[in-house]
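As given, the protein sequences belong to chains A and B, one line each in that order.
Using our numbering, read the first sequence as starting at 1 and increasing by one per residue.
Using our numbering, read the second sequence as starting at 257 and increasing by one per residue.
These are computed hints drawn from the structure, not numbers from a lab.
Backbone N, C-alpha and C fix where the C-beta goes; we use that ideal spot for every residue, glycine too.
Please note: incorrect hints may appear among the correct ones.
Using 20 Å as the maximum straight-line C-alpha spacing, the simulated EDC-like pairs for lysine to aspartate or glutamate come out as follows [stated by the list, open to error]:
no., chain 1, residue 1, chain 2, residue 2
1, B, Lys-400, B, Glu-336
2, B, Lys-373, A, Asp-2
3, B, Lys-490, B, Glu-459
4, B, Lys-340, A, Asp-2
5, B, Lys-352, A, Glu-255
6, B, Lys-371, A, Asp-2
Anything over 12 Å on all C-beta distances counts as not near chain B; from chain A, calculated [claimed, not checked]:
no., residue
7, Asp-52
8, Phe-60
9, Phe-68
10, Gly-120
11, Met-137
12, Leu-183
13, Leu-194
14, Lys-196
15, Val-199
16, Ser-220
17, Trp-245
18, Val-246
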Amino acid sequence: MDHFLLLVQDTWREHIRHRIYLSLFLFGFALLGGGLIISALAIEERARLMMDFGLAAIEFLGLITIVFVSVNLVLTEMENRTLYLILSRPLPRGLYIAGRFAGTLLSITVAMAAMAVLHGLLLWPLPHTISLSHYLMAWACAVGKIAVVGSLALALSLFSTSAPTAMTFTLFLWAIGHFSEELKFLGQKSANALVKTLVWFFYHVAPNFSYFNYRDFLYSPHPPSGAWFFYLACYTVGYTGICLWVATFLFSRKEF
Amino acid sequence: MTPAIQLDNVTKIYRRSHLGRVKESVGVSDLTLEIRAGEVFGLLGLNGSGKTTTLKMLLGLLRPTQGTATLFGRVMPDPEVLRKIGYLPDAAYLPKYLTGEEAVWFYATLSQIPKQKRRAAVEAILEKVGMTAAAKKKIGDYSKGMFQRISMAQALVHDPELLIMDEPITGLDPLAVREVRQLVAWLKQQGRTVFFSSHDISEVEKVCDRIAILANGKLVALMEQKEWAGQEGKLESVFTATVKRSEGIGALKFS
Numbered sequence: 001m002d003h004f005l006l007l008v009q010d011t012w013r014e015h016i017r018h019r020i021y022l023s024l025f026l027f028g029f030a031l032l033g034g035g036l037i038i039s040a041l042a043i044e045e046r047a048r049l050m051m052d053f054g055l056a057a058i059e060f061l062g063l064i065t066i067v068f069v070s071v072n073l074v075l076t077e078m079e080n081r082t083l084y085l086i087l088s089r090p091l092p093r094g095l096y097i098a099g100r101f102a103g104t105l106l107s108i109t110v111a112m113a114a115m116a117v118l119h120g121l122l123l124w125p126l127p128h129t130i131s132l133s134h135y136l137m138a139w140a141c142a143v144g145k146i147a148v149v150g151s152l153a154l155a156l157s158l159f160s161t162s163a164p165t166a167m168t169f170t171l172f173l174w175a176i177g178h179f180s181e182e183l184k185f186l187g188q189k190s191a192n193a194l195v196k197t198l199v200w201f202f203y204h205v206a207p208n209f210s211y212f213n214y215r216d217f218l219y220s221p222h223p224p225s226g227a228w229f230f231y232l233a234c235y236t237v238g239y240t241g242i243c244l245w246v247a248t249f250l251f252s253r254k255e256f
Numbered sequence: 257m258t259p260a261i262q263l264d265n266v267t268k269i270y271r272r273s274h275l276g277r278v279k280e281s282v283g284v285s286d287l288t289l290e291i292r293a294g295e296v297f298g299l300l301g302l303n304g305s306g307k308t309t310t311l312k313m314l315l316g317l318l319r320p321t322q323g324t325a326t327l328f329g330r331v332m333p334d335p336e337v338l339r340k341i342g343y344l345p346d347a348a349y350l351p352k353y354l355t356g357e358e359a360v361w362f363y364a365t366l367s368q369i370p371k372q373k374r375r376a377a378v379e380a381i382l383e384k385v386g387m388t389a390a391a392k393k394k395i396g397d398y399s400k401g402m403f404q405r406i407s408m409a410q411a412l413v414h415d416p417e418l419l420i421m422d423e424p425i426t427g428l429d430p431l432a433v434r435e436v437r438q439l440v441a442w443l444k445q446q447g448r449t450v451f452f453s454s455h456d457i458s459e460v461e462k463v464c465d466r467i468a469i470l471a472n473g474k475l476v477a478l479m480e481q482k483e484w485a486g487q488e489g490k491l492e493s494v495f496t497a498t499v500k501r502s503e504g505i506g507a508l509k510f511s
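Please construct the entire structure, taking both the sequences and the accompanying hints into account.
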């Protein structure tokens with residue numbers, strides 16, 4: 001536990017002291033501010049537009065950051081050789097992966113929370129379109145999505161050992177993950193065996209992000225039930241856990 | 257008495273594949289060595305002779321293709337043994353976003369120093385390497401000499417029984433070289449085992465009890481201090497007679 005917390009703390013320090021990380025979130029704050037200008041164009045729907053734009057901006061910034069950071073998380077340490085001094089200590093490799101990932105997720109979640117606070121302040125003077133609990137659920141779903149994408153990026157980075165390739169694959173699977181149901185439909189309609197196989201593969205491997213789209217229900221009179229949230233939590237933990245297990249497996253086979 | 261290090265017929269073959277074609281190169285070939293506890297042992301060789309490969313196999317960073325690397329009687333990598341080893345790499349591979357003190361604390365925790373003893377251990381080692389005053393500065397702002405001192409501190413903070421050093425004096429100024437020599441002498445006095453690689457024959461001559469010479473991954477000579485002590489140039493002549501450049505480079509013809 002001591003090692004795990006140490007790695008979480010160290011990763012947190014690394015991120016918050018990194019200029020790129022800070023500038024990305026300054027950009028996020030600017031984006032949220034920009035939402036005010038855009039929402040001014042639609043006076044009647046101003047509050048709703050600000051709400052949707054803000055939540056999308058928080059998720060987008062979180063996504064960009066986690067893909068970039070997770071892909072480089074281990075690769076940079078391999079390149080700088082700082083990993084030598086860590087792995088020559090009595091530290092199980094799985095714990096290293098778990099600690100680094102948890103630290104990354106923590107730092108991005110905190111940054112997303114800071115952006116949500118700013119978003120809330122911008123929304124405060126406007127008519128309230130949704131309740132705070134609805135807002136928090138939408139935000140938590142965005143964090144869940146970030147956890148899944150981050151673990152996927154980490155596993156792919158250890159598979160390909162090239163940052164651009166891993167980023168490309170992650171973004172490809174992220175895009176596919178938003179069209180899971182359409183993909184399934186395509187597979188059912190296609191007569192071509194190769195297309196069917198490929199569709200089947202990607203449908204099962206890529207994360208299904210339609211589960212995380214709580215924003216679609218924000219204004220619905222019938223929001224998702226508690227069972228839906230429970231299923232979503234299990235899906236997030238399960239998918240992230242599998243990706244971290246794959247990452248650990250790949251990492252434990254590596255030589256330095 | 258159990259030897260500190262034992263290498264039994266260790267071979268390391270690197271396999272690199274590119275576009276489906278697998279290329280093999282030998283890092284170390286059939287290496288057998290035994291290093292006694294409390295000994296200062298130097299591994300000599302040219303670049304690419306297999307010195308770093310050997311060190312990495314001892315640290316568990318590389319796995320031998322054949323044979324076994326055993327430290328304190330246990331096959332590596334073994335977490336119990338890793339607690340007893342300090343590693344000083346050829347360059348200071350330290351995280352630049354941490355301060356010197358944070359970095360030493362980080363490695364002290366990874367080395368499983370109990371929490372109640374950790375603060376004292378970190379402060380003592382920073383004092384020993386003369387970095388107490390600069391401990392709160394970020395490593396990214398350190399000079400090369402300061403880097404080296406913090407690197408020493410991380411290797412020694414957990415009071416290791418065995419110190420493995422990879423080219424510890426490469427690129428250091430004469431004053432820093434003397435300090436490394438001082439460190440080795442102190443460790444020997446404390447009864448610790450020191451295993452290091454180098455291609456600086458004059459330094460190896462001064463500090464080692466025994467040496468091994470590697471050429472193209474193979475052990476070509478094993479000598480004890482009495483064989484070169486008091487005979488200026490002896491080790492150098494043995495070295496130049498036994499090693500050959502491996503990358504197809506011929507001798508210079510200026511003479």
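Exercise for the section: Compare the structure with the hints numbered earlier in the document and write down the numbers of the violated ones, lowest to highest. Expected result: 1, 5
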